[in-house]
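Could you put together the complete structure from these sequences and hints?
Chains as they are written, first to last, in numbering that gives the first Met the number 0: chain W, 0 to 84; chain Y, 0 to 535.
By construction, these hints were calculated from the structure, which means they are not laboratory data. Careful: at least some of the hints might be erroneous.
Derived pair list, reagent style DSBU-like, types lysine-lysine, alpha-carbon separation capped at 35 Å [said to hold, decoys possible]: (1) Y:Lys-483 <-> W:Lys-8; (2) Y:Lys-137 <-> W:Lys-8; (3) W:Lys-8 <-> Y:Lys-29; (4) Y:Lys-474 <-> W:Lys-18; (5) Y:Lys-288 <-> W:Lys-18; (6) Y:Lys-460 <-> W:Lys-18; (7) W:Lys-8 <-> Y:Lys-523; (8) Y:Lys-105 <-> W:Lys-8; (9) Y:Lys-137 <-> W:Lys-49; (10) W:Lys-80 <-> Y:Lys-531; (11) Y:Lys-525 <-> W:Lys-18; (12) Y:Lys-525 <-> W:Lys-49; (13) W:Lys-18 <-> Y:Lys-29; (14) Y:Lys-105 <-> W:Lys-18; (15) W:Lys-49 <-> Y:Lys-531; (16) Y:Lys-460 <-> W:Lys-49; (17) W:Lys-49 <-> Y:Lys-483; (18) W:Lys-18 <-> Y:Lys-137; (19) Y:Lys-288 <-> W:Lys-49.
Bear in mind the structure is a predicted one, so any value in this text is a computation, not a measurement.
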Amino acid sequence: MAHDGVEEKVTSIIATAVKEMTGLAIELTSDQSLIDSGILDSLSIVNVIKCLQSEFSIDISAGDITLENFDTIGSITQFIKIRTG
Amino acid sequence: MENVLAQFSQVVGKFPDRIAITHYASRDQKTDITFSELDQRASRCADYLQRSGVHPGDLVGVYMHRHIEHVVATLAILKSGAAAYSINIRAMVPQVNYILGVSRTKFLFIDNTALLTLGTSEEILPDTIELVHCAGAKMNPVHEQLLEKIRTSAHVQTHPCAEVHFPVGTHCPVVNHDTALVLFTSGSTGLPKGVMISHQDLINRALTECRYFSITAEDCLLSLLPFSFDVGCNQMFTALMTGARLLILNSWLPGDICSVINTCRVTGISGVPAIWTGMLDAADESMAKALSAVRYITVSGGDLPLPQLERLQRLAGAARIFKTYGQTETFRSSILQPEEYDKKMASVGRPVRGTEVIILNKKGMRATANEAGEIIHRGDGMMLGYLADVPATRKKIRKNPLRNADALTPQFVVYTGDIGKIDEDGYLYILGRKDKMIKTSGYRVYPREITDRVTAYPAVKEAVVFGVADEKIGKRIHCVIQLKPEAAATEQEIRHYLAARLPSYMVPAKIYFTDSFPRTESGKIKNSEVEKAYNA
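Next up, the structure:
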């Protein structure tokens with residue numbers, strides 16, 4: 000599967016989620032921490048996961064949901080690229 | 000005289016090169032600071048504050064996410080002679096402004112996350128505020144831009160702590176009954192109230208936990224809770240006072256918590272029910288193994304339903320579980336110790352040393368065993384009062400009603416507003432909030448009596464119960480339920496289950512289902528919001 004546009008799609012999902020959950024309309028860089036910085040709480044990340052699963056047709060198990068994979072747009076993109084092969 | 004700063008100085012002298020704090024951002028990204036480094040940075044920053052005109056008695060705020068700089072700033076404020084408070088990083092500008100106003104704050108420490116909120120809001124801060132920006136390592140172009148934007152309407156000092164090398168002067172004397180901290184309660188209704196804590200009480204609160212949890216310099220305490228929340232804040236001070244390492248993790252994801260326990264050898268975790276229910280949802284063998292390696296864990300800031308507490312006990316294996324009860328205004332009122340679990344699991348234990356818990360019945364007398372009434376707290380842990388709110392303080396702190404009115408020295412107690420009972424062995428049970436009592440068909444019902452039954456149903460994760468006005472019976476009982484992930488149940492099934500276990504007047508007239516509950520920053524369900532949403 001081609002990986003074109005993965006980062007753009009991820010960015011748009013995350014920006015929407017951040018806007019919805021915090022009311023913040025901020026420009027997100029690919030290295031901006033989301034969970035560790037306190038922007039998103041780790042409970043609300045569950046909604047983001049649901050969006051990512053349906054957008055990229057992948058299964059994300061509880062064990063995958065960690066700071067390493069989900070703290071930045073960069074790491075989420077990387078994770079999805081590996082999953083989608 | 001003892002205070003947290005003096006204790007911290009002793010620890011610095013004893014263990015200068017030990018790691019005081021580790022901030023765990025991910026498996027490959029950790030930052031450490033030693034006790035001597037922490038002390039020096041805080042002292043330099045305190046000097047900066049003093050030179051900038053901070054006086055003893057002032058209030059200085061910290062609006063940052065939980066990382067090392069947050070602890071540096073808090074210590075610096077105390078060293079400068081001022082009192083410190085934290086604003087939860089998820090607070091928005093109107094809340095921040097309210098707190099700045101009520102506390103007459105002149106200096107506010109901020110970090111990059113705060114820039115994101117302050118820089119994108121249409122509201123601006125009062126121009127009397129001096130912002131002290133501690134960037135931390137990562138400053139990206141967006142932060143730079145927002146910082147510039149904020150500078151157009153506010154005064155911003157950039158990181159004074161790390162670079163400036165003032166000779167470190169002598170700091171202010173600490174007076175025991177002066178305010179050391181203000182904790183803003185994330186009230187489920189209305190505006191936040193500032194709970195003022197004295198130096199004396201701050202150390203008492205910390206010592207209580209040090210004693211009960213046997214915290215020593217060999218411990219590594221996992222910090223999961225906001226420093227703006229009494230439990231998270233107190234844990235930070237227990238670590239600083241004993242020489243234990245504080246391990247900061249800004250994630251409640253079970254995968255992260257387990258990974259940190261395993262890699263950093265965590266010995267103690269202070270948790271709230273939302274953390275433990277999240278862990279239980281993802282429970283597996285590796286989690287059981289990780290938790291068993293922890294010496295103690297706490298269930299604080301709310302009660303875990305019994306079936307979940309039992310599951311947690313099985314999951315945590317060798318870890319000792321402490322269940323605590325208290326309010327920001329009283330800190331710890333009671334603690335249920337691990338060895339008491341088998342007999343008194345439904346209780347919140349017995350009063351902590353140095354405090355008395357009284358149940359006041361409807362007649363204003365001390366209740367008999369198992370008689371319900373308002374919980375009154377007396378002794379250690381009592382706040383000084385609410386910041387700039389005398390009427391609210393007078394309502395919360397009153398003269399001890401059981402003491403002879405002619406006594407020469409008046410004695411004050413905290414009216415918790417919680418309803419509870421004490422059994423014949425002295426164990427305290429919480430029934431609910433006084434203002435949440437439901438009068439239905441002539442009976443007095445506390446939501447807790449029903450939610451305990453509802454959450455015992457296997458498919459139910461959490462439940463909220465409230466009363467809805469009814470002409471005939473006073474209040475009808477309604478219940479909102481969140482099911483466990485991938486579990487199913489119908490209203491009828493749950494009603495049948497409850498009908499077999501509760502008197503008919505307690506069985507909810509209506510049951511709703513929800514995907515998630517609105518929560519406070521410490522993970523507590525916002526009952527009033529739920530009630531409003533389903534009562535419309």
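Against the structure, the hints come out as follows:
This hinted pair checks out: Y:Lys-483 and W:Lys-8 have alpha carbons roughly 30 Å apart, not beyond 35 Å. A distance of roughly 24 Å separates the Cα atoms of Y:Lys-137 and W:Lys-8; the hinted pair therefore holds under the 35 Å criterion. For a cut-off of 35 Å, the pair hint linking W:Lys-8 to Y:Lys-29 stands: about 29 Å separates their Cα positions. Proximity of Y:Lys-474 to W:Lys-18 is assessed by CA-CA distance (about 38 Å); at most 35 Å being required, the pair is judged violated.
Taken as a hint, the Y:Lys-288 and W:Lys-18 pair is broken in the structure, with Cα atoms around 38 Å apart against an allowance of 35 Å. Proximity of Y:Lys-460 to W:Lys-18 is assessed by CA-CA distance (about 28 Å); at most 35 Å being required, the pair is judged to hold. With a CA separation close to 33 Å, the supplied pair W:Lys-8 and Y:Lys-523 stays within the 35 Å bound. For the hint pairing Y:Lys-105 with W:Lys-8, the CA-to-CA distance comes to about 43 Å; that exceeds 35 Å, so the pair is violated.
Note on Y:Lys-137 and W:Lys-49: the hinted pairing holds, with a Cα-Cα distance of about 29 Å set against a maximum of 35 Å. Restraint check for W:Lys-80 and Y:Lys-531: the C-alpha separation of about 43 Å exceeds 35 Å, so the hint is violated. Distance hint between Y:Lys-525 and W:Lys-18 is fulfilled; the C-alpha atoms sit about 21 Å from each other, no more than 35 Å. At roughly 24 Å between alpha-carbon atoms, Y:Lys-525 and W:Lys-49 fall within 35 Å of each other, so this suggested pair holds.
With a C-alpha separation of about 29 Å, the suggested pair W:Lys-18 and Y:Lys-29 falls inside the 35 Å cut-off, and the hint holds. For the given pair, Y:Lys-105 sits about 30 Å from W:Lys-18 by alpha-carbon distance, which is consistent with the 35 Å threshold. For the proposed pair W:Lys-49 and Y:Lys-531, the alpha carbon gap of about 27 Å is at most 35 Å, so the pair holds. Between Y:Lys-460 and W:Lys-49, the direct Cα distance comes to roughly 20 Å. Compliance with the 35 Å bound is thereby established for this hinted pair.
Simply put, W:Lys-49 and Y:Lys-483 have alpha-carbon atoms about 16 Å apart, close enough for the 35 Å limit, and the pair holds. With a C-alpha separation of about 22 Å, the suggested pair W:Lys-18 and Y:Lys-137 falls inside the 35 Å cut-off, and the hint holds. Under the criterion of a C-alpha separation no larger than 35 Å, the hint pairing Y:Lys-288 with W:Lys-49 is consistent with the structure, at around 29 Å.
Of the hints listed earlier, those the structure fails to meet are numbers 4, 5, 8, 10, in rising order.
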